[in-house]
Every structure is written in structure tokens, then in C-alpha cells.
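Participant: On the provided structure of chain E, position chain C as indicated by the hints.
Number of protein chains: 2
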Amino acid sequence: MNNFTYSIPTVIHFGRGQLHHLSELKQSGSRVLLVYGGGSIKRSGLYDEAVKILTDSGLSITELSGVEPNPRIESVRRGAELCKANNIDMVLAIGGGSTIDCAKVVAAGACYDGDPWELVLDGSKIKAALPVYSVLTLSATGSEMDKYAVISDLSKNEKWGTGSDLVKPVMSVLDPTYTFTVSPKQTAAGTADMMSHTFENYFTNVRGAELQGNLCEAVLKTCIKYGPIALAEPENYDARANLMWAGSLAINGLLKGGAEVGWCVHPMEHELSAFYDITHGEGLAILTPVWMRFVLKNYPSKTAQLASYGRNVWNLSGEDSEVANKAVEKTAEFFFDTMKMPANLRAVGITEKVHFEEMAEKAAAGCEDSFVPLTKEDIISIFDAAF
Amino acid sequence: MNNFTYSIPTVIHFGRGQLHHLSELKQSGSRVLLVYGGGSIKRSGLYDEAVKILTDSGLSITELSGVEPNPRIESVRRGAELCKANNIDMVLAIGGGSTIDCAKVVAAGACYDGDPWELVLDGSKIKAALPVYSVLTLSATGSEMDKYAVISDLSKNEKWGTGSDLVKPVMSVLDPTYTFTVSPKQTAAGTADMMSHTFENYFTNVRGAELQGNLCEAVLKTCIKYGPIALAEPENYDARANLMWAGSLAINGLLKGGAEVGWCVHPMEHELSAFYDITHGEGLAILTPVWMRFVLKNYPSKTAQLASYGRNVWNLSGEDSEVANKAVEKTAEFFFDTMKMPANLRAVGITEKVHFEEMAEKAAAGCEDSFVPLTKEDIISIFDAAF
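Protein chains in written order, with the numbering used here: chain E, 1 to 387; chain C, 1 to 387.
No lab work stands behind these hints, which were simulated from the structure alone.
Which copy is meant is left open, so a pair is good if it fits within one copy or across any two.
List time: in silico DSBU-like cross-link candidates among lysine-lysine, alpha-carbon distance up to 35 Å:
| hint | residue 1 | residue 2 |
| --- | --- | --- |
| 1 | Lys376 | Lys297 |
| 2 | Lys127 | Lys52 |
| 3 | Lys330 | Lys302 |
All of these numbers come straight from a predicted model, not from anything done at the bench.
Okay, chain E solo, but in the shape it has when bound (with noise of 0.2 Å):
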């Protein structure tokens, strides 16, 4: 097991009824910045509802709408824009991961001189930020807990992660009815994120992270049991409860610490999202069952590794080997046929190979020190098999 640092300093209020708790953004000041994104908080009530409980405690608002899924940096500059000309004290996000993400680096840039791209490209530019709180309505990104955020410049086709301590929220608000109207579409793709999320910290090269692994099976198999549950009933609060803090377990840092290794499939779906803007969820289903068919092709040493997946998530026996390969088809069978998913790249509205290798290289920068170490042509035969 390696050293580690475990910090998580986010206050969860989970369950039905939390959203009073946002009376208590007053310990951080009178100024708010309210980020969301469509206006779907706006049709389900929550907006109102959030808005009475906010002014009745003498908080006032100011707002930063129209958040897009991979949020784009245009939108975190007028929100920094708008912290620093109204004096702002506190970012409250009320969304999904994308809106969270974008508060996240609203609240950076509010306490930075220079432009807020430069807190994406490198998050340790980031040394202050205003407290960042959140009220999540959707499933998936587990932006709600960890200090994480994904921001897109598509006038450059870029799509970049960037994190500091200091953007981990204070406190989030999670109550699953809030996701009762989310989409299949999206509670598939919500399911797969947090699942993916998974995989980057299960799939680890680091030996007697035992703990860790076992943490790992148990969040996969608890994403397994309800994310077809919430497919078929929207509104069954335990599958939307569990799979909400699912999503927040995810990658908080308790499945990481001890067991760290570099991510390869979201560096890989980056580029898919950055250069076509699909559905990151969608992206991470498609390249997932690809990448373990190529480390169980390319890397035979990785075979018992697979195989334990498949005995302790799919309750699979056998040989190592036939246990490995069934795991992989068990995970494509889950997202493809069980949750519905989109299959392959040409299914989302890639239908053409023409940016492969450009992607390939960028997302290989970031693949060198995986579960296994993934070149350009790697990357590139990873993707042709997902076309």
C-alpha cells in the first residue's frame, strides 16, 4: 500500500428534506453566487425553493445561469467576472457535475487576477478560493465531494481536469428525489461516470491495497444493482440513493489513497468530449470494454487482475483467464444492452476517424503511468476498435 494524505473536508446532508441546510451558507458571509445550468431547477421548483430558504437568511443573490454539460471556460469567466464585481462571498452550485465544475473554478477565478484557463491548465495556480457549496441534482461526476473540475475550451478543442484542495466543497446537499427526473439517457451515462471512476482506482499497479480494491467491488456492485433499478423506476428512492452516494464514494479519495495509479480511459474520453462534445458517460462506456480487451490482449500479466474482477463484482468461476475475457463481456453486455448505452463511437455522432490521431497524442500525455502505459498507436488502435 502506498502513503497517503485522506482529506475530505465536505459535509454531506443526505437525504429526503436537506435543501433547509442551506441556511448555513451564512457562516460563510451575505453575497452568494447561484450557478445553474439549463432551467430545469427552475421547472422541478427547486430554484424557488432555494431561493426562499437563501433570502430568508439574509443571503443575497447573485445569478450565473446557463452552465452547459462540459462546461465551457466562457461561462466560468463571466462568473468570475460577476464575483468580483459584486463583492462576492460564497459560489453555491445547484446541478450536476458540469455546474458544479464550473463553480468550482468561478470560485478560483474569483480570487485570481490572471484569466481562469490558467486555474485549468494548472491547478496548483489555483492558492485561494471563495467557499464553494453545492446542492446536486444529478448522479455521476462525484464533483459534489472531491476537489475536482473538468472545463472545455471548444474553441480549441481542449477539455482539461484541473483540482485543489481549496475548491472542495464545504458542504453539499444530496437528496435523491432531486434525481427522480433525471433521463435514462443521462442516468446511464451518470452510472457509467461513477463506474468509470471506479475502474481508474481499481485497476491499480499497487500490491496489498487490499482494502482499497474491496472498497472498490463494493461500490461496482452496488452501481450494478441499481443503475438498471433506476432505468426501469425513476422514482425508487433506494436505487437513486445508492447510486447517488455511489457517485460520491467514487472519487472522494477513499478508493485512491493507498492505491494510486494514473487514470487512462477518462485522458482517452477527454479528447472524445472535447473535439465531438458527446455525453462523457457515453464516451467512458464505449472505450471501457475496449481498453480491457486490449490489456487482456497486450498485457497477460494484467489477466488475474480482470479475473478478480470477475469472481468478486460478476460472481463469475472458472480459469483466470475465461473468468477475465467473460468480466469484459459481462461489463459491455451491462452499458450496451442492460443500461441501454450507445456502443460504439459512430452511435454518438463520431463518423469519422480523421481526429484520431491528434486525440491519440494528446491523450497519451497523460496514460504514461497507468494501470498499463498507453502510447499514441495504442490509443489510436483503442479507438478504432471503439469506431
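Facilitator: Coordinates of chain C only, in the frame set by chain E:
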């Protein structure tokens, strides 16, 4: 799943060579009360190393030494007096759970005008506390990352748990090498303690807290794998590391949040320790299989949950009733054969039943809303079966 609040603010520095983080104590002031036990930290050199780091950081040290296993209220009173007399800014425990528990109530007692025993009887009376830090030398109680403390007044045969968010350690150093010298007896007792914490969370009446249950199984499997390795190879780093981290996660709130249930084996054991000063983990190991058999015999509706335990933790297969019964026997075998722990009350020196009625009456007060409710008579029958 229940509503819950998750708040685990303790920063953990885990791994070899993390002691230098003690220099961070100066963030809390300049005068530290150093709390420790019987002097093993002096023999190991840890004391000298810690004192040097503290002194080099400009901290002045006052000492409270000789804290007992099953720490006594007399030590707590002495510590609180030292804090008041020396204007102490923070409390640093170096030791196992007993030392940390003592330090927590000392930290609260330092900010309390009355007798600290009142804070043991009623944790809600803790309205302020000095910051608590710890360096862990024994994997067992999880006190390094939780809000709880258990203190005894042997003059009254009383042993009670108290708790407050205010005494959660600010930072704890978890270096598995500090546990290389822990005796087989204490290694086994510590493993039983963390497993018991996990069982108390795992056997819940809350429906739909599936993720929490899966996480419990992850912790249990880790203990079952590495407990015996730590016994056979005391300096096996991965074994000590997995046990150390499992001990912290078992009781820091992760397994409990959303799945809350009253504990019952702990209240029963606390009476044994209060009356006979036995090793807590040994008492838990003795009572656990007996309690499981009581559940199976008297509450057929719980068979399925014991069977899940058998399947998911012990890899058993078959009908519910068969698997459930086998799982209990596997648990007993693990404690008494594999971990070589005393198997009944007589083996830990409780050779008469004269206090059973009084102990059962006190324990029953804490077992009303547990997995199965336990009356005084039920508890006497459990003590009898454990005799």
C-alpha cells in the same frame, strides 16, 4: 436508506515516515499536552522522535503518562487539571484507542467547569474542546478518526461511551510500522474490535442501505485476510497497513451513515470490561458468535441477512439457513482457532456468574433499538452461553 449527515474532518497522514506532520500542531498554538500509556513508546523510540519534532517546532510539552487500557476517569481528571493549570492549547495522544479516548475527554474536560465524568455520562454536555491530535500505535478502536471515547470508573464498575463532533481528531498519523511490535494477543483483540464495529453497522434493520452493507463486507474480508497474516508475520507491512486503515474506516461514520441501528454486542461487552477489566476485543470475540446464534434461534426473519454475510464474506453457498449457520461457525473458528483468542468467559478469568444479572440489566438499556431487541433475560442467556 436513512437520511444522514456525513462529516469526517480528520486529516489522515498514512504510511511510513509521516511523523514529521506533528510540526503542523503549531497551527493550534504553542502548548501541547502529550498523552501516552505505559511507556512502550519510550522503548520503541517513538517518544523521543515525537518530542524532538514538537520541540523543534517551538511547542512546549506537558505530559500525561500512564493512561490505562480501559482508561480510567482518574486519568482524565488529572489530564484536564494539567490543561487548566498549564494553559494548554491542544492535546496529542500517542498510543492506542485507550490513550486517544482519554485524550479526547481530557480535551473536553479542559473546557468544562464540572467533573469530566459528567461528560462521559452525557456527551451533549461537551460544548467546547481543545483540538485533539493522535499518533496511532494499535489498530483496533478507530478512535483516531471518530467522535467516540470510552471511559471507566472502576470504583463504580461503570464503563460508558461518550461522543462529540468537537473531539474528532484534527489530524492523525497512521504509520503501520508502529504496530509491528503489537503482541499477538492485542493484534487479535484489535482485529476482533474492528470486525465488531463493522458487524454492529452491518446487521441493520434499515432497508436499502446496500452500498453501506457492501462496504462493511469489504472491511470484514480485509480483516479476515490480514488478521492471520499479521499474527504469523508481525512485520508484514501490507497486513499491518490494511488492518490499520480497516480499523479507522470501520467506525468513522462511513459504514454507519444511512444504515443506523442500535449497537448491542458493544453494550454487553462494556459490562464485562466494567466489572472484570477484561480486554475489550476479547470480550467482543467471545460474545459475537453467541449473539449470532441467539439471533438465528429466536429471529428466523433475520436468517437471510446472516446468509448474505455467509455468501459475501465467507464465500459459502447453499440454502439460507445452512449458510447462515455455517457463517456463524466460520466466525467462531476465525476468532478462536485462526486468531487463537479465548473462546469463553472462563478463559478470560470470569469464573462466576454472580454479576450476570446486574450487568445484563445495565446492558439492556443500550440494546432496545438494536438489530434484534435484547431484554435483560436475553442478555443473561447470552452471558450464560458464553460462559
